[in-house]
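Read top to bottom, the protein sequences are chains A and B. Quick note: the first sequence, position 478, residue 478 per this note's numbering, numbers continuous. Quick note: the second sequence, position 407, residue 897 per this note's numbering, numbers continuous.
What the hints contain is simulated information worked out from the structure, not anything from laboratory work. Possibly wrong hints are sitting among the right ones.
Label-pair distances were calculated between CB atoms; the ranges are [said to hold, decoys possible]:
#, chain 1, residue 1, chain 2, residue 2, range
1, B, HIS852, A, GLY292, 53 to 61 Å
2, A, GLU15, B, MET769, 41 to 49 Å
3, A, PHE58, B, GLY793, 27 to 35 Å
4, B, GLY793, A, ARG479, 46 to 54 Å
5, A, ALA453, B, GLU547, 47 to 55 Å
6, A, ALA139, B, GLY793, 25 to 33 Å
7, A, THR432, B, ASN858, 46 to 54 Å
8, A, ASP403, B, ARG886, 57 to 65 Å
Virtual Cβ for every residue (Gly too), placed ideally from N, Cα, C.
Protein chains: 2
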Amino acid sequence: MSALHLYNTYTRRTEVFETLLPGRVGLYVCGPTVYGPPHLGHVRGPVVFDVLRRYLEFLDFKVRHVRNITDVGHLVGDVDEGEDKLQKQARLEQVEPMEVAQTYTLAYNEMIRLMGVLPPGIEPRASGHIIEQIEMIQAIMDAGLAYAVNGSVYFDVLAYAQHHEYGKLSGRVLEDLIAGAGNEARELEGQEEKRNPNDFALWKKADPEHIMQWSSPWGKGYPGWHIECSAMSRKYLGDVFDIHGGGMDLLFPHHESEIAQSTACTGHNPARFWVHHNMITINGQKMAKSLGNGITVDELFSGKHPLLQQAYSPMTLRFFILQAHYRGTLDFSNEALQASEKGLQRLWKAAETASGLKAAAHNEYDVNAIVAACAAAMNDDLNTPQVIAQLFEAARVANLCNDGKLALDAANIEALQQLFKVWMEDILGIRTESAGDDQALDGVMQMLLDMRAKAKADKNYALSDEIRNRLSALGLVIRDGKDGSSWSRN
Amino acid sequence: MSALHLYNTYTRRTEVFETLLPGRVGLYVCGPTVYGPPHLGHVRGPVVFDVLRRYLEFLDFKVRHVRNITDVGHLVGDVDEGEDKLQKQARLEQVEPMEVAQTYTLAYNEMIRLMGVLPPGIEPRASGHIIEQIEMIQAIMDAGLAYAVNGSVYFDVLAYAQHHEYGKLSGRVLEDLIAGAGNEARELEGQEEKRNPNDFALWKKADPEHIMQWSSPWGKGYPGWHIECSAMSRKYLGDVFDIHGGGMDLLFPHHESEIAQSTACTGHNPARFWVHHNMITINGQKMAKSLGNGITVDELFSGKHPLLQQAYSPMTLRFFILQAHYRGTLDFSNEALQASEKGLQRLWKAAETASGLKAAAHNEYDVNAIVAACAAAMNDDLNTPQVIAQLFEAARVANLCNDGKLALDAANIEALQQLFKVWMEDILGIRTESAGDDQALDGVMQMLLDMRAKAKADKNYALSDEIRNRLSALGLVIRDGKDGSSWSRN
């Protein structure tokens, strides 16, 4: 495909991506609720939308990427009842809720950094946009689509549904929702204030002991979970913007509510494209605390979890995620991760091999065909597994050329090197690990390669073998080629 | 001294540090205005207050450390006129002000991370606390100490001074201020709204084109620079808390205004201790854009600035800062930094030496005397240069013992090792650089040491010398001791 196409959850169609303003993209992605350490369930979204953003920037769009931090309003159970997740954690840790927010925002951003995810351009906090949320709630009330009861404000779903489509994004049918909401919800605390069980909170009255509360036209309280994203996306991206992203688990009620809130307030579905990634399962099961299969990223990176056979590096995890299409499920298992680790090593080695290739006078392979295939794959709704398949083809070409079995001229070698640089590093964001402070190691290894070459020239094979074997034990592999030896990490 | 003493700028006395609540410390430190890359002037405060916090935690206090991010309200020229610094930078970069805030907040926090500064427990943003600021302004107006004019609100310094002390912290005398404020200030835009030129803005009316603005009882506008710290410190630490820190450049008008605002609102000076660090000069000169001597931390760490003879590492800079007492001036020069670099290397080597010492049956040095001297120095208003002098004494002891010239028994060797761990690493926060991924290098170096030992045993001195010399060229030094050889980075 010659232009970027994206699957739009809202229309259930793959559509040509066209921007509201030429050359600019407004991208809003739902971020974390910062009340616990980041776990496996947190990594797929940031990686998927990072690749989308990188690709948009590669296509020369100027992207304004907004990802929020939810530090208030997200209640335990994800519905309108129960304690605020931050406040609950603060009570458990005996600290201020904002200390909880800080701890886990830092942990999340460190995970993001390790995973090679570029930081968003704006990172707004829900608690920092209370005024904007109050103003939006007021506008919804002015439109007659919300009502105040006892210091709380609820969105009136039935009134809204009389003039607007409700449930289109998530595919829910209001009649079914009403029938299903029935008895169980009625028993939850606070539900009796609602005109209809499907109504959702825009503002909740705070009990005196509730730490997080602000003054509002309806008294002291705090915002509902959904209104923050509507208010913050509108503030930084306008009434209508290009892409709203998030996980499929947010389709309902979160994103459905966002559409209703924005439409009630501005008359518009806020996003032209709704893009949703699928979830990660573990050994075929949903992740859940009760199943004991929740793995934090720290555990992943250190290997310290009963379900893990070894540690997996951030880049292995990133590569694993991109080996699946973002809309497909992704099942985490040791076997799958180990396969990703091997595949990734193969690509890195091939990229290194490509950087040292010698040009032939004639040419036997058109590298630009691979480049074109990569572009076509990305344009086809971000088909990253296809891009990776093309990178493996590029690796095959690099190795054949290095082994003298395929001739590439200078232009094609250059194209091959660029391909790894642009498609693997820049767009997929797969960079070499431990790139940092390896200068000393490089120098020492070069010295050992020289000593080994001299030992071989002196026919001192005991020494040359010893060098090779001891390095191998350290995970450092020597590879002998036509133009001398090179080394790499195993 | 057996208890921590701190110099209190407010009382101009060194006082015993006693907390408001037993075992707990509320610490508020003024953070950066995030409109440009962090420079040399930004590093001293975070390091000084990081050491204070680390020492308080060492003393078993539970510290709630709040450091704000100023992302709105700080006007060019640091007075009540001119454009907002963030908005101006956003205009120059053609982005949203919050994109400017994000870019430079990330840059600041990366600098902080490299410098080994622990992140604060709460990192509130001025733009995220507009409601709290409005409420505080309202309370000051209710107390009759502020007045609204044309949609702006000013603090009434003369009315305040009738019943409260104004100028005590900074040592300014109101009569002098009034005489001095005279003509020049009068000519600045907006000054005609003030009853007195020394009045300062609590809330500024926003022009329609001003991007950052919020609704308030006085119309659309944005907060003054000073009110954010009063509102945020109060929110997270209460009406009165233990320590307020910042640079001496903030004494007036910023901290003087904070005291006036809080006193007007709550009746109290908000902080029991006001702690101020002195500034950094460059080659004896004040840093200023016009002098061309503003060095960013990136330039420092890379060595890319006309005034720099080489790159300096974050830990070298940290060590340099702690070699001066925080209330003294600190002059940056290549000579001084190079001396710090050498001194730091010496301490690191000594710590490594200490970790390998062999215990004697008898003992010739009381290491606990050094420990006691370190504690006495820190208790004496954070005398870090004295602590460092004691660390050099510890280094001398370690080296003497290693050379067989001083006997230490097991208990004293243990105390010496602990001393480096606790006082150098934990309290001063001086950690080994490039601590990260050196396992491979360690392994390879051990292999080279073995090869060299074998070469020597075989009387192959050509080889053993070659290994030593080539490593030396890489900055890796071999040191031969009684129990074999060891290596370290030069």
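Please list, smallest to largest, the hint numbers that this structure does not respect. The structure breaks hints 2, 4 and 6; every other hint is satisfied.
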